[in-house]
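Those protein sequences? They're chains G and P, same order as listed.
To convert, note that position 431 of the first sequence is 431 in my numbering; the numbers rise steadily by one, no gaps.
Position in the second sequence counted from 1, then plus 476, gives you my numbering.
It cannot be assumed that every hint is accurate.
Here are the computed distance ranges between Cβ atoms for each label pair [claimed, not checked]: (1) Pro538(P) to Leu324(G): 39 to 45 Å; (2) Thr586(P) to Leu315(G): 19 to 25 Å; (3) Trp411(G) to Lys482(P): 49 to 55 Å; (4) Arg489(P) to Ile322(G): 30 to 36 Å; (5) Ala519(P) to Gly425(G): 51 to 57 Å; (6) Tyr513(P) to Pro115(G): 47 to 53 Å; (7) Trp401(G) to Gln619(P): 31 to 37 Å; (8) Ile572(P) to Gly405(G): 19 to 25 Å.
Hints in this document: simulated from the structure, not taken from any laboratory.
Using N, Cα and C, we set each Cβ at its ideal position, and we do this for glycine too.
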Amino acid sequence: MFRTDRVLGLLPLDWRLELTRYPIVRQLLKSRWMPFLLLAFNLFMFTVILMAAWIGGVGAGNYNFGIMIIWILWWVVLMMILVPGLSRFWCTVCPLPLVGEWLQRLTLVGVRHDPKKGNLFAGFKKRWPKSLSNMWVMNFLFLGTTFFSAFFTTRPVGTFVLLFSIIILSIVLSVIYHKRTFCLYVCPISGFQALYSNFAMTEVRVKDPTICRDHKSKGCVVGNASGYGCPWLLLPYKFTRNTYCGMCFECFKTCEYDNMALNLRPPGTDLLVDEGRHLDEAYKAFIMLGIAVTFFVTMQGPWGFLKDWVNMATLPGYFAFIALHAAWCLVVIPAIFLAFVWWGHRRAGPCEVPLKKAYINFSYTLVPLGLAAWVAFSWGIILPNGSYLLHTLSDPFAWGWNLLGTARVPWTPVFTGLMPWLEIGTMVVGLLFALDFAYKLAVQTYREPAVVNRAVFPMLLFLTLATAGLTWLFIG
Amino acid sequence: MPPEPKLQPPPGRWGSVLAWVLVLAASVFTIAAALLYERGRTADRRIVEIRAQAPEKGNFYPQRIELAAGERVRLRVRNVDTVGHGFAIPALNVGIAEIKPGEVALFDITVPEQGSEYEFFCTVWCSQDHMQMRGRLAVLPAQARR
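Please model the complete structure; the sequences and the hints are all you need to start from.
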């Protein structure tokens, strides 16, 4: 199983299927109507979501379109399909920063360009502080939103407040800072997609680096009359990992030589890119794993007193939840992980690899494991509650409509008998990937085969124990 | 030598117009269309919304409804609680066994010409104060019709 050149010993790491070699895909990505048409459709969906969430007020959210589409459909599709399959495709079609981006560009599908000045933008065009140009803000914002998870996910107005706050924040920051600063460094939804997209089975990359090397005008960076320079402030001709690529496809439009490719690839290949790894990304992995556990325990677990804490039944209980949840994500998980990495480091014997580097490198094993935990958690959302979608699609504002004839469909859990098996299967697959990448990362970190074998054992043990613990939690 | 440059021009003026039409259709027109559709659906009657919550959380709200005699009304009972509730006005032959949390029940009635007040109440044992979950529908003279 442990081969450094293949994923799970099967698929070569360098295998790629270039989707843009098909003319229809290439034309689609080069057109300025892509992703605009998808954005327009999502704008329609989010208009209905916001309206339904506002009308729903503080009532129970079971039959609310906003709650159901966001937390039952979108979240599950995001974790199960979009992120592992299509990387950050959600960012491609996310309508939340649409107004902010329009305020910068002052056009929806056109390109404001001056041959001498380049792309033209409105706003103050300030640069985001370098010290915050990482995932820390997103880490704390996302963790912060989970403190109010009961309000956001069960009360329609909570969903409205969350989405509306993101829209307002994106507008304010888009006016002050240049390009997609908000999406890059602030959006709480963006952060975990950034990390988990390294596991995704798609990527945007350069086809032939020599063409970029000889091409001096670099339209993908500075823009031209056909499109904008990378809105995500990257150098598309140097893409090596998915993390900060929002898949806006502007580089397909600005590349004069059709040298950008959308590739299918084996899952997880970016986890091995030893570039741009920092503690902020490691903490993102810890926080995401911690939140998955907390959410399961408080939403799907049998412990009623924890639900009361999260639901703010009493103020001391609620503060206890915040303290324990924050400590679990920011201290306990990182500390346990550090103990195992330190154990492996010690077993490795004297070497030049700093403990911090090993700690950060091995944290990427938590990407497949964390993603598996989220997918397993998602089974427990969609199978019992998916039938609510039929009702709310037919009566989105709870005004007694029956647009699709499904408004009277009663709540019907489906395939819940299969749920434990699906959860076990998901966790096993996640563990296999995590073990596989743990070994590859150990080879990358320690290099010497004998040292690798000694150093990786505690990590394999940790991942196995963590999977066993999560599986017990899900089905126990 | 790199191959020949291949760039596509962005959409022109009509493209921009079409984009704006799509954005407005997806946002402003969507809201307007929903409101107009609902207005058209209920043009022949007045909507009266009653929110249902267990008595210790707020009870029916409003607990007293005043309607004009002969008025055509759609009662929209919205369960905003986290437990199931019911709704019945036996004197008007109106009732439903259960309205689940978050669900809405609609009842179209024509307010009787005579009679002073009718009682409505919850039909599900929703809490220890369930028996207090009730309200009154008062019939005003026909001249009070809105």
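Hint-by-hint comparison with the structure:
no. : hint                               : in the structure
1   : Pro538(P) to Leu324(G): 39 to 45 Å : holds (41 Å)
2   : Thr586(P) to Leu315(G): 19 to 25 Å : violated (49 Å)
3   : Trp411(G) to Lys482(P): 49 to 55 Å : holds (53 Å)
4   : Arg489(P) to Ile322(G): 30 to 36 Å : violated (53 Å)
5   : Ala519(P) to Gly425(G): 51 to 57 Å : holds (54 Å)
6   : Tyr513(P) to Pro115(G): 47 to 53 Å : holds (49 Å)
7   : Trp401(G) to Gln619(P): 31 to 37 Å : holds (33 Å)
8   : Ile572(P) to Gly405(G): 19 to 25 Å : holds (20 Å)
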